[in-house]
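K.L.:
Input sequences plus hints: build the corresponding full structure.
This is what each chain is made of:
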Amino acid sequence: MAIPVPMGQFVPGDSAVHRADPRVKLALAFAYTILLFTARGWQGLLAAAVLVVVLMAVSSVPWRLAARGLVPILWLLAFTLVVNSLVWGSGPAIVRLGVLGVSGPGLVRGVFFVARITLLILGTSLVTITTSPVALTDALSQLMRPLRVLRVPVDDIATMFSIALRFIPTTAEEADKIVIAQTARGARFDEGGPVRRARAWIPVLVPLFVNLFRRADNLAVAMESRCYTGVARTRLHERTMGAGDWIALVGGVTVIAVAAILLS
Amino acid sequence: MIRFSDICYTYRAGDMTTRALAGVSLAVREGEHVAVLGANGSGKSTLVRLVNGLLLPESGSVDVDGIDSLDEARSLELRQRVGVVFQHPDDQIVATSVEDDVAFGPENLGLPREEVRARVDEAISAVGLSGLERREPHRLSGGQKQRLAIAGALAMRPAYLVLDEPASMLDPTGRAEVLAIIEQLRASGTGVLHVTHDLADVLRADRAAVLNHGELVFEGTVNRLVREPELLEECGLELPALSRLVTALQAHGVRFQGEPADAEELVEALWR
Amino acid sequence: MALTLDGVGFAYAVPAGEPIEALRDVSLCVEPGELVLVLGATGSGKSTLLQIAAGLLGASSGAAGLDGEPLSRASARGVVGMVFQDPESQLFADNVLDDVAFGPVNLGIAREDALRRARATLERVGLPAAEFASRSPFALSGGEARRAAIAGVLAMSPRYLLLDEPTAGLDARGRAAVADIVRAERARCGVVVVSHSADEFLGEADRVLVLHGGRAAFEGDASALVARPDAFDDAGLAAPEVLRAQQLAAVRGAGSSDFSLDPEQAARLLLRARPGERSRERD
Chain A
1 MAIPVPMGQF VPGDSAVHRA DPRVKLALAF AYTILLFTAR GWQGLLAAAV
51 LVVVLMAVSS VPWRLAARGL VPILWLLAFT LVVNSLVWGS GPAIVRLGVL
101 GVSGPGLVRG VFFVARITLL ILGTSLVTIT TSPVALTDAL SQLMRPLRVL
151 RVPVDDIATM FSIALRFIPT TAEEADKIVI AQTARGARFD EGGPVRRARA
201 WIPVLVPLFV NLFRRADNLA VAMESRCYTG VARTRLHERT MGAGDWIALV
251 GGVTVIAVAA ILLS
Chain B
265 MIRFSDICYT YRAGDMTTRA LAGVSLAVRE GEHVAVLGAN GSGKSTLVRL
315 VNGLLLPESG SVDVDGIDSL DEARSLELRQ RVGVVFQHPD DQIVATSVED
365 DVAFGPENLG LPREEVRARV DEAISAVGLS GLERREPHRL SGGQKQRLAI
415 AGALAMRPAY LVLDEPASML DPTGRAEVLA IIEQLRASGT GVLHVTHDLA
465 DVLRADRAAV LNHGELVFEG TVNRLVREPE LLEECGLELP ALSRLVTALQ
515 AHGVRFQGEP ADAEELVEAL WR
Chain C
537 MALTLDGVGF AYAVPAGEPI EALRDVSLCV EPGELVLVLG ATGSGKSTLL
587 QIAAGLLGAS SGAAGLDGEP LSRASARGVV GMVFQDPESQ LFADNVLDDV
637 AFGPVNLGIA REDALRRARA TLERVGLPAA EFASRSPFAL SGGEARRAAI
687 AGVLAMSPRY LLLDEPTAGL DARGRAAVAD IVRAERARCG VVVVSHSADE
737 FLGEADRVLV LHGGRAAFEG DASALVARPD AFDDAGLAAP EVLRAQQLAA
787 VRGAGSSDFS LDPEQAARLL LRARPGERSR ERD
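Residue numbers (the working numbering), protein chains in the order written: chain A, 1 to 264; chain B, 265 to 536; chain C, 537 to 819.
Treat the hints as calculated values from the structure; they're not laboratory data.
Please note that a few of the clues may not be correct.
Just the calculated beta-carbon pair ranges, DEER-fashion [unchecked claim]:
#1 B:PRO493 / C:GLU740: 17 to 27 angstroms
#2 A:ARG199 / C:ASP603: 48 to 58 angstroms
#3 B:ASP385 / A:ARG64: 34 to 44 angstroms
#4 B:ALA444 / C:ARG609: 56 to 66 angstroms
#5 A:MET160 / B:CYS272: 33 to 43 angstroms
#6 C:ARG609 / B:ASP385: 44 to 54 angstroms
#7 C:ASP716 / B:THR281: 26 to 36 angstroms
#8 A:MET160 / B:ASP270: 35 to 45 angstroms
#9 C:ARG724 / A:GLU191: 23 to 33 angstroms
#10 A:ARG64 / C:SER611: 33 to 43 angstroms
#11 A:ASP217 / B:GLU497: 30 to 40 angstroms
Note that beta-carbon positions come from the ideal geometry of N, C-alpha and C, so glycine has one too.
P.N.:
Structure, rendered in structure tokens:
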């Protein structure tokens with residue numbers, strides 16, 4: 001029984017999108033989100049859709065992979081559609097099923113919201129598919145740096161992200177091992193109702209967490225021994241913005257801003 | 265020189281007190297390879313945590329090249345002087361790639377980037393991990409992980425390296441890799457304090473000390489220690505089979521110069 | 537009455553490329569009262585072999601039998617007990633007694649009986665119930681935790697006991713305690729020990745299987761293996777130092793083919809092999 005490791009979204013590649021500075025990508029994704037929610041009417045969605053399609057083509061991201069990001073929220077999409085299009089009792093409706101009816105305008109509204117959410121997921125997926133988790137956390141750490149002025153422990157937070165990432169595969173492997181060991185002791189994970197199944201995981205989660213705490217203790221000791229104090233750290237790898245990155249950033253933000261203004 | 269002077273340390277948890285070390289004195293000179301042996305619970309791991317100030321002694325003092333471990337102002341300096349490698353390879357690796365992890369120490373010191381890069385390359389090559397700079401830790405073997413941990417300590421350019429049971433979690437290949445590096449380090453002038461429960465790991469040490477229930481019960485050459493089977497038994501230590509062979513040969517009148525550390529040395533000595 | 541693996545193979549698919557063969561045509565047989573030692577370096581397939589023997593993995597080829605019936609997860613349940621590497625990481629309960637009783641309870645044994653079995657098993661592994669039953673499993677020392685985990689498997693009264701590196705990471709006393717348990721269990725179970733080091737059980741194994749790259753590099757009596765120390769090198773393993781010394785002496789032209797694991801005997805053999813000795817013997 002393999003436990004899925006949530007690093008699967010990243011697909012390495014060499015496109016312009018892959019090579020762009022992660023901070024630029026994050027900033028543009030942010031601007032894109034604002035565009036999506038401020039632009040009124042279908043032109044806004046169309047503009048966003050064009051952006052997404054163009055960038056996907058440039059980064060040679062397989063469509064299926066991007067679409068997979070929608071699977072977890074299919075229920076939300078369905079729910080949104082239903083909630084917007086159904087009417088109760090009397091009132092104009094294009095289709096009727098007893099007390100319930102589907103309203104025309106409601107249906108259109110529902111589809112609009114579904115399209116918007118879909119474009120939001122697809123657009124932000126572009127960032128996670130073309131940027132490694134490590135690069136993302138590094139970018140977030142760099143972006144957070146100004147917060148140091150407000151006494152926010154940015155270096156500690158950045159280190160925390162990095163350590164969490166580093167231990168995801170290790171912990172997943174360990175969880176696997178414990179599941180097999182308990183299975184060998186006769187444990188069953190597929191029997192009974194939801195409560196019984198949830199409780200079956202106690203013999204896996206307890207040792208896993210105890211071990212994580214032990215690891216954390218050991219790691220803290222090792223870090224202290226290597227002079228970690230949480231402040232004044234230089235970084236071996238630090239991305240600096242190149243000319244291309246600035247052009248992408250300024251150009252991208254401008255295009256999106258103009259579109260947002262024109263379409264709002 | 266690392267100097268432990270009459271150290272005492274007691275663990276307190278709730279109403280349970282365990283005396284880990286009682287009046288232990290030991291020194292490790294520059295370039296020396298000193299082994300500290302003891303069964304689990306003998307206090308040897310406590311000694312490791314005392315050497316770089318992770319724990320502070322109840323009484324007595326720990327001194328590294330003149331820096332007292334109690335001196336908070338100089339604790340970073342102390343930790344640069346003495347690198348420590350622990351038992352569990354995975355629990356020492358902090359970053360998502362080999363070179364980023366080795367860089368952790370120098371980065372913490374705020375060294376300029378070129379300096380960090382130079383030290384990283386130097387340390388990675390010293391432990392034989394060149395070519396694996398971008399590899400993720402979970403794709404390394406046990407021996408490679410432990411070598412990475414050693415590289416991380418070496419990147420601080422310490423004068424002494426303390427290792428707490430560095431090979432006990434490794435398979436024979438990993439163990440051989442780590443022990444080979446320790447030999448190299450000793451040869452290049454780094455003082456080594458090697459804490460372990462396995463005598464076979466330290467047959468080449470310059471000096472050996474044995475801890476039993478927090479007390480130092482032996483200090484001398486490995487040669488002498490190996491000839492005291494009752495002491496070893498009492499302290500929960502096992503005599504390596506090779507050493508038993510040496511003792512048997514000696515009983516038949518064979519003379520050995522030093523203590524053969526492996527089969528090759530033994531046969532070499534025998535054929536002379 | 538035996539656990540048999542006959543020409544067993546195991547391959548698994550990889551996303552890009554040929555399937556990886558972890559095992560090819562390996563056979564193993566153990567009956568209650570026997571101790572079989574499986575030696576192999578990391579990556580030799582020894583852990584895969586053990587998991588197949590425990591019914592946790594299905595072999596891709598060959599046959600696996602348990603007491604005359606096909607070996608499967610269902611048929612192995614409660615009959616084949618498996619102690620994994622670092623078994624301490626499976627301890628989870630509030631107290632040691634409950635943890636040891638986990639296995640029997642899962643097998644459907646009534647709680648009262650399960651607890652009684654757990655208590656008896658604790659005594660067997662040298663963890664007296666009076667002292668250890670109510671302790672938290674996380675408050676045990678390394679050696680104690682190892683024995684508690686083994687007890688958790690023994691409490692299921694398996695007829696076959698499989699152990700993967702049971703003494704790894706323990707100090708001399710810990711190793712001796714585990715070796716004692718294995719010896720005691722051998723009387724009632726068929727025991728298979730997998731290890732990367734020959735030191736502990738080679739002397740008392742009935743049979744030895746050496747794995748290399750998923751294949752059997754050697755199969756036979758322990759004494760046959762000792763007589764052929766090259767088999768260790770061929771399999772990427774380090775022969776016990778005592779044996780290696782004799783190997784090296786043989787290479788130096790002594791020509792002796794007698795090897796022994798016992799240091800006393802080895803000393804005598806080595807002395808006999810030395811050039812000085814031989815000339816003295818001729819006179």
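K.L.:
Now look at each hint and say whether the structure bears it out.
P.N.:
Here's how the hints hold up against the structure:
Checking the proposed 17 to 27 angstroms range against B:PRO493 and C:GLU740 shows it holds: the Cβ atoms sit about 22 angstroms from each other. A beta carbon spacing of about 33 angstroms between A:ARG199 and C:ASP603 contradicts the range 48 to 58 angstroms that was offered as a hint. Our hint of 34 to 44 angstroms for B:ASP385 and A:ARG64 holds, since their Cβ atoms are close to 41 angstroms apart. At about 43 angstroms, the CB distance of B:ALA444 to C:ARG609 disagrees with the hint of 56 to 66 angstroms.
A hinted range of 33 to 43 angstroms for the beta carbons of A:MET160 and B:CYS272 is consistent with their spacing of about 36 angstroms. Against the hinted window of 44 to 54 angstroms, the Cβ-Cβ separation of C:ARG609 and B:ASP385 comes to about 50 angstroms, which satisfies the hint. Between C:ASP716 and B:THR281 the CB atoms are about 31 angstroms apart, so this pair conforms to the stated range of 26 to 36 angstroms. For the pair A:MET160 and B:ASP270, the supplied restraint of 35 to 45 angstroms holds, since their beta-carbon distance comes to about 40 angstroms.
Between C:ARG724 and A:GLU191 the Cβ separation comes to about 31 angstroms, which falls inside the hinted range of 23 to 33 angstroms. The given range of 33 to 43 angstroms is respected by A:ARG64 and C:SER611, whose C-beta atoms sit roughly 41 angstroms from each other. Separation of A:ASP217 from B:GLU497 is about 33 angstroms and conforms to the stated range, judged on CB atoms against 30 to 40 angstroms.
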